[in-house]
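In case you want the letters, here they are:
Number of protein chains: 2
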Amino acid sequence: MLLPSQVKICEVAPRDGFQAEAEWIPTEQKVHIIRQLATTGIQSLEITSFVHPKAIPQLKDAAEVVEQSQDLTDIKFRALVPNVKGAERAINVGIKKLKLMLSATDSHSLSNANSKVVEAQNHHATTIEFAQKNNVQVGGSISVAFGCPYEGRVPIDRLMSIVDRYNKFGVYEVSLADTTGMADPIQVYETLGALKTMFPTTTFSMHFHNTRGMALANVYAALQQGIVHFDSSIAGLGGCPYAPGASGNVASEDLVHMLHQMGIGTGINLDQMIAVAKDTKEILGHDGGSYMLQAGPCSALHLKPKGQEKVEK
Amino acid sequence: MLLPSQVKICEVAPRDGFQAEAEWIPTEQKVHIIRQLATTGIQSLEITSFVHPKAIPQLKDAAEVVEQSQDLTDIKFRALVPNVKGAERAINVGIKKLKLMLSATDSHSLSNANSKVVEAQNHHATTIEFAQKNNVQVGGSISVAFGCPYEGRVPIDRLMSIVDRYNKFGVYEVSLADTTGMADPIQVYETLGALKTMFPTTTFSMHFHNTRGMALANVYAALQQGIVHFDSSIAGLGGCPYAPGASGNVASEDLVHMLHQMGIGTGINLDQMIAVAKDTKEILGHDGGSYMLQAGPCSALHLKPKGQEKVEK
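From first to last, the protein sequence lines stand for chains V and P.
Take -2 as the starting number for the first sequence in the working numbering and just add one per residue.
Take -2 as the starting number for the second sequence in the working numbering and just add one per residue.
Excised from the complex, chain V in its bound form:
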């Protein structure tokens, strides 16, 4: 079986994780976690979202967080923006890559962005034009791309029409988000097969939540379609609004662990990442579902019986 030998992981806890936290995280703690993440070897970070402070008060310090992280020049930052206003705020503090928000279904779009899919897309045109004028890269995203908590399974045709519209706007990077963990590996494999055939010049990245335990199976299915871009979140931060206590984003340390076990490189130091996950969990008082924090990596062997010496990795 031919799989990619190297993948690129984008850490999303500072956006998707933090926004799900009920308790205010002081700016200095946000920046501390970002600086800790920088020690793991990550190359890409979704640092925040420039949304209206009333919509997501937790991220109202987006500008300060970016400003206080400017010296981390080894990491490529991207920020989520809902509209041209958000893009302006992001670009003003030096963000060079924006990610657009869009839902696959009208029900989710109405709930998340207060407009239907087609209306949200019309707004994108202005945001993209503004970004292009400022020489800032733009990627697209599709939330609830595989399943919508209101409407169920999303037909591939829907995704095709959304990717097509992104392309028409000049956007050739699209993140497919399984926002509430409804994708299964066959669906991922077949959907990606169809999308890659239809849009050979578009780069797809995968954003899996582990709400129903299928995230790593879905990663494996995506790898089988040659996908090399994955989002994940330290300590599995990021919730599922419909099931309190349920797992959120796939944990970065669990993803990196599986990839390394499979012989796939990430450029990330797993032990350091587990240490940062532990630290992050201590700071926030909880994790969002992390196997590494419970069981540790396969490399951490145990004392042999009969007092034989400890076998180290």
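Simulated from the structure, these hints should not be mistaken for laboratory data.
Only a predicted model underlies this, so the values are computations on that prediction, with no experimental measurement involved.
Mixed in with the good hints there might be a few duds.
Identical copies look the same in the list; a pair holds intra-copy or inter-copy alike.
Said to hold, decoys possible - Subject to a maximum C-alpha distance of 25 Å in a straight line, what follows is the list of computed SDA-like cross-link-like pairs (lysine to any residue):
no., residue 1, residue 2
1, K193, L0
2, K113, K301
3, K57, P23
4, K94, T123
5, K301, A17
6, K113, H299
7, K193, M259
Given chain V's structure and the hints, the job is docking chain P onto it.
Same frame as chain V, now just chain P:
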């Protein structure tokens, strides 16, 4: 991608789950859970283990449990036995299928069965002969087949020599157990590819623990090698002795949910299985890691925003 359209699941909570419980489960509760499991449509059940009561006191009522479940004739029972003494006890209460215990590594075998692998295999000869005389089926198993908590990754050669020995004893069904959740999907895919080529007349079944979150990914990899026999445990019962609180066996309800989402049949009623998982969790006071108990199945849709009517599956 061509996957099996139908798989066979063996429920193992009454053996692998119960034996990991610290608090004594009264016989009537054990039988109650088994009777509940029988309502889900399961066809196969690892009902107990006939080990020495001092080794696993929790299963000292093995005979009573089997006797009180005899009327569940739609389910094929099997029992784990460590030796001919256990086989005798099992056969005396009417068990028609035995599963033999064996570890892939000497370290684990010494710790688990107080003998090296080759010594344990020599004992098997007597047990198998006894079973054959009594017209009772015998299956083999390999614990820590993919990774050993003392020795690390298990080479495929080791598995080949064990399967070969089983075959020489006339045993052509072998369960590969990832006892502490160390397998990754590439390893599963490649191992099964090699074993199936070398032993085309042997039926392999998979027993995955979800200790490091990879169980469902490993199921998917095994399906891609045409495997149709899987073990799982209601409510994810069954622990990892090296990491208290870590996930145990892959939960039956999570496995069935993923398979059904993928369009693969199991003959099991998922909603009923989730209800039994909930009941079992209430009886024992905890689960062993179950996504269905936290988040529910994909089919359980939510109220649309703006008070639109609830969309049912």
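Each hint tested on the structure:
no., hint, result
1, K193 / L0, "both (16 Å within a copy, 22 Å between copies)"
2, K113 / K301, "between (60 Å within a copy, 13 Å between copies)"
3, K57 / P23, "within (11 Å within a copy, 55 Å between copies)"
4, K94 / T123, "within (16 Å within a copy, 69 Å between copies)"
5, K301 / A17, "between (42 Å within a copy, 21 Å between copies)"
6, K113 / H299, "between (54 Å within a copy, 18 Å between copies)"
7, K193 / M259, "both (24 Å within a copy, 21 Å between copies)"
Against the hints set out earlier in the document, no violation occurs for any number.
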